[in-house]
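Modelling step: build the complete structure from the supplied sequences, incorporating the hints.
There are 2 protein chains.
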Amino acid sequence: MSFDYSSFFRDDLPAAANAFTGFPAYNFIGGHNDAGSVPVDALTQALARAMARDGQHLATYGMNGGAQGYLPLRNYISEMLAARAGMPTDPGDILITTGSLQGLDLVNGALLSPGDTVIVEDVSYAGTLGRLRRHGVTYEAVKVDEGGMCMEHLAGILAELRDKGVRPKFIYTIPTVQNPSATIMGVERRQKMLDLARKYGVPIFEDDCYAELIWEGSRPPTIRSMDREGQVIYCGTFSKTIAVALRVGYVVADWPVLRRLMPLKTDGGCGALEQMALAEYCPEHYAGHVDELRRILKGKYDVMTGAMAEQFGASAEFAQQQGGIYLWVTLPDSVDTDKLAQIAGAQGVAVNPGSDWSADPDAGRHRIRLCFGHASHQQIRDGVARLADICHGEFGVPQRGANVER
Amino acid sequence: MSFDYSSFFRDDLPAAANAFTGFPAYNFIGGHNDAGSVPVDALTQALARAMARDGQHLATYGMNGGAQGYLPLRNYISEMLAARAGMPTDPGDILITTGSLQGLDLVNGALLSPGDTVIVEDVSYAGTLGRLRRHGVTYEAVKVDEGGMCMEHLAGILAELRDKGVRPKFIYTIPTVQNPSATIMGVERRQKMLDLARKYGVPIFEDDCYAELIWEGSRPPTIRSMDREGQVIYCGTFSKTIAVALRVGYVVADWPVLRRLMPLKTDGGCGALEQMALAEYCPEHYAGHVDELRRILKGKYDVMTGAMAEQFGASAEFAQQQGGIYLWVTLPDSVDTDKLAQIAGAQGVAVNPGSDWSADPDAGRHRIRLCFGHASHQQIRDGVARLADICHGEFGVPQRGANVER
Numbered sequence: 001m002s003f004d005y006s007s008f009f010r011d012d013l014p015a016a017a018n019a020f021t022g023f024p025a026y027n028f029i030g031g032h033n034d035a036g037s038v039p040v041d042a043l044t045q046a047l048a049r050a051m052a053r054d055g056q057h058l059a060t061y062g063m064n065g066g067a068q069g070y071l072p073l074r075n076y077i078s079e080m081l082a083a084r085a086g087m088p089t090d091p092g093d094i095l096i097t098t099g100s101l102q103g104l105d106l107v108n109g110a111l112l113s114p115g116d117t118v119i120v121e122d123v124s125y126a127g128t129l130g131r132l133r134r135h136g137v138t139y140e141a142v143k144v145d146e147g148g149m150c151m152e153h154l155a156g157i158l159a160e161l162r163d164k165g166v167r168p169k170f171i172y173t174i175p176t177v178q179n180p181s182a183t184i185m186g187v188e189r190r191q192k193m194l195d196l197a198r199k200y201g202v203p204i205f206e207d208d209c210y211a212e213l214i215w216e217g218s219r220p221p222t223i224r225s226m227d228r229e230g231q232v233i234y235c236g237t238f239s240k241t242i243a244v245a246l247r248v249g250y251v252v253a254d255w256p257v258l259r260r261l262m263p264l265k266t267d268g269g270c271g272a273l274e275q276m277a278l279a280e281y282c283p284e285h286y287a288g289h290v291d292e293l294r295r296i297l298k299g300k301y302d303v304m305t306g307a308m309a310e311q312f313g314a315s316a317e318f319a320q321q322q323g324g325i326y327l328w329v330t331l332p333d334s335v336d337t338d339k340l341a342q343i344a345g346a347q348g349v350a351v352n353p354g355s356d357w358s359a360d361p362d363a364g365r366h367r368i369r370l371c372f373g374h375a376s377h378q379q380i381r382d383g384v385a386r387l388a389d390i391c392h393g394e395f396g397v398p399q400r401g402a403n404v405e406r
Numbered sequence: 001m002s003f004d005y006s007s008f009f010r011d012d013l014p015a016a017a018n019a020f021t022g023f024p025a026y027n028f029i030g031g032h033n034d035a036g037s038v039p040v041d042a043l044t045q046a047l048a049r050a051m052a053r054d055g056q057h058l059a060t061y062g063m064n065g066g067a068q069g070y071l072p073l074r075n076y077i078s079e080m081l082a083a084r085a086g087m088p089t090d091p092g093d094i095l096i097t098t099g100s101l102q103g104l105d106l107v108n109g110a111l112l113s114p115g116d117t118v119i120v121e122d123v124s125y126a127g128t129l130g131r132l133r134r135h136g137v138t139y140e141a142v143k144v145d146e147g148g149m150c151m152e153h154l155a156g157i158l159a160e161l162r163d164k165g166v167r168p169k170f171i172y173t174i175p176t177v178q179n180p181s182a183t184i185m186g187v188e189r190r191q192k193m194l195d196l197a198r199k200y201g202v203p204i205f206e207d208d209c210y211a212e213l214i215w216e217g218s219r220p221p222t223i224r225s226m227d228r229e230g231q232v233i234y235c236g237t238f239s240k241t242i243a244v245a246l247r248v249g250y251v252v253a254d255w256p257v258l259r260r261l262m263p264l265k266t267d268g269g270c271g272a273l274e275q276m277a278l279a280e281y282c283p284e285h286y287a288g289h290v291d292e293l294r295r296i297l298k299g300k301y302d303v304m305t306g307a308m309a310e311q312f313g314a315s316a317e318f319a320q321q322q323g324g325i326y327l328w329v330t331l332p333d334s335v336d337t338d339k340l341a342q343i344a345g346a347q348g349v350a351v352n353p354g355s356d357w358s359a360d361p362d363a364g365r366h367r368i369r370l371c372f373g374h375a376s377h378q379q380i381r382d383g384v385a386r387l388a389d390i391c392h393g394e395f396g397v398p399q400r401g402a403n404v405e406r
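Sequences listed follow chains A and B, in order. Going by this note's numbering, the first sequence opens with residue 1, and the numbers climb by one from there. Going by this note's numbering, the second sequence opens with residue 1, and the numbers climb by one from there.
Honestly, the hints are just simulated from the structure, not real lab data. These numbers were taken from a predicted model, which means no experiment stands behind them.
Copies of the same chain look alike in the list, so a pair counts if it fits in one copy or across any two.
Computed cross-link-like contacts, SDA-like style, restricted to lysine to any residue with a CA-CA straight-line distance of at most 20 Å:
(1) Lys143 - Ser355
(2) Lys199 - Ser6
(3) Lys298 - Glu146
(4) Lys298 - His377
(5) Lys199 - Arg162
(6) Lys199 - Asp4
Next comes the structure, spelled out in structure tokens:
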């Protein structure tokens with residue numbers, strides 16, 4: 001007889017996990033990336049060099065760099081942010097995290113108590129929205145248009161909250177290649193957001209995980225780079241540029257903030273080999289690798305949008321975008337995407353339902369998020385055709401596609 | 001002017017971290033290990049082989065193994081636990097964690113609410129005691145003697161708690177090479193503990209991080225191996241056998257428990273390179289490496305106990321031990337080890353004060369924990385001499401050492 005733990009578990013636990021049964025045939029969910037782009041050989045060689053130099057430091061927690069992470073990697077991130085994001089950064093203001101996800105947990109853990117209020121974009125990262133709910137936090141959602149978070153709406157919400165005596169704990173934004181909308185906030189709005197944050201005395205939490213995936217040209221300066229007062233807490237990652245499974249992200253914040261986050265990181269540090277490999281690989285290879293990755297992702301984007309247009313025709317609406325790995329699609333009102341995602345998932349076509357990526361789940365009920373980063377061109381074409389078939393079978397749309405009556 | 005976060009932080013945060021300023025000259029704190037023993041070349045070569053085979057999987061979360069971790073590593077752990085710990089284990093009952101520390105956090109997070117009661121050993125891992133306090137949990141401490149946790153005392157506490165209507169959430173034990181006492185619980189006590197846990201319907205949380213560091217012979221079977229009902233949750237690690245900075249540990253539990261822990265692991269997985277390197281390195285090298293490491297640690301133990309006897313004479317009491325990396329020392333009542341640790345630390349000799357490793361801090365006030373895993377033989381000798389000087393200067397003991405009047 002098995003011991004019964006049911007009365008031992010906390011009563012506020014999330015739903016139990018299911019066992020992994022392999023990836024779906026057509027995998028358009030999550031943030032998986034292009035397998036062929038992983039710089040396997042160069043990373044391996046870089047690690048070998050770093051190991052020959054620093055391998056014995058593996059015997060010590062923090063590898064002679066302390067709890068903030070491997071110093072050569074923090075030095076590289078510092079230079080990279082200055083050169084590519086317009087954000088000169090002291091390596092002492094960087095904390096290496098297990099992906100940006102641990103960064104979210106640390107910032108939330110330091111700032112949020114049940115009953116707090118946070119401001120988010122009205123479409124946003126499901127993982128953030130879920131975390132906020134688990135913290136018992138109320139979120140106010142600001143409209144996102146083609147230029148990102150709308151500053152007039154933000155101003156209105158901030159004024160309204162002040163009138164109610166509510167000071168939000170932070171404004172959470174993904175300003176560059178927003179998830180899921182792929183919008184890119186212009187410099188003017190960034191400045192305006194900072195001005196509003198100053199006026200109302202509210203911190204900004206800038207999640208910049210996708211900023212490097214702009215197809216062409218350079219990324220805008222970060223909001224934190226425009227801030228001289230440490231009001232912006234920033235996180236980034238190597239997940240979307242090098243490889244998600246490495247789990248190397250970072251939080252950038254002024255020291256008075258960072259030193260409050262660090263004690264919440266109770267895992268004794270992040271994986272050393274990834275930190276060593278990246279610190280050695282990036283100075284020589286990062287820029288060229290990202291250029292090549294962008295080219296590949298743009299190619300997949302073209303295939304994805306072409307397939308959607310061909311298969312769904314006017315039934316699927318989506319904006320032109322300038323970067324990223326997701327297509328954010330609006331389907332007709334007759335399509336319940338929670339149901340579509342469930343049915344399609346059972347048939348090997350995995351898509352994310354829009355409700356999970358919407359501050360108001362109902363508002364996302366006819367939307368889906370499609371990741372085009374991982375699937376091959378052929379898988380994208382076949383998977384979208386399959387999705388259109390399933391959607392047609394269940395909801396009657398798309399009515400016709402590829403000039404073929406369904 | 002810097003933005004003031006003070007009113008934004010939660011009011012229950014731990015003390016702020018300090019910036020890392022380098023390791024002390026004589027480093028007897030923490031769980032650092034022998035630098036020369038890190039199998040740098042073999043790990044590097046193992047990773048290169050694994051990368052050549054599986055490197056492209058880095059583009060996907062979980063690397064085709066799902067959220068429980070890299071399957072080849074779980075397969076190895078499964079075989080290793082069967083062969084070395086008498087514990088046949090299904091790879092599906094293993095969750096890879098960022099060191100065993102994340103395992104502690106997951107188990108605590110699933111089971112503990114403020115006001116709960118947990119049973120611990122009266123000397124125990126400071127990180128566990130601190131975690132329990134942060135969870136707002138009361139702990140009842142069971143006496144540890146030379147054979148580990150005393151079962152009569154445990155029986156008494158369990159009966160007492162039942163009389164008070166309190167059901168503890170779990171019994172936390174480090175049965176093999178206990179931290180800090182280095183005691184090894186015999187098979188009979190293990191069975192007795194399991195019987196008591198059954199009788200009172202209380203889970204056991206078995207922390208087995210040091211079990212491989214027994215100088216000679218094989219480790220005892222784990223408590224979990226004697227359990228057929230899934231009442232024991234188990235954690236282990238590669239930190240103490242291969243390298244602490246890798247941050248690879250694991251939780252073993254029956255699936256109904258594991259699936260409740262997994263959603264609390266919100267970091268998107270553990271570092272892939274460590275998992276790949278270990279999965280490839282261990283089948284061929286693990287056993288031989290651990291044998292060699294034990295030999296080196298036993299050598300350091302001999303140097304440490306020799307130096308302590310020479311420098312502290314009868315002023316320092318410690319038991320003979322059979323494994324591990326720590327010496328648990330009792331000094332005369334006149335020595336306040338909180339103060340000693342502070343003063344010695346400021347002079348480059350870092351030691352852990354016994355209060356942190358004691359369920360009742362006062363009971364540990366004359367004790368220190370010395371890690372002999374990291375320092376060289378010469379550093380151990382010099383550091384202990386330095387410590388004796390400092391202790392003599394501050395507290396008048398040891399009065400004489402090494403046949404020299406101080």
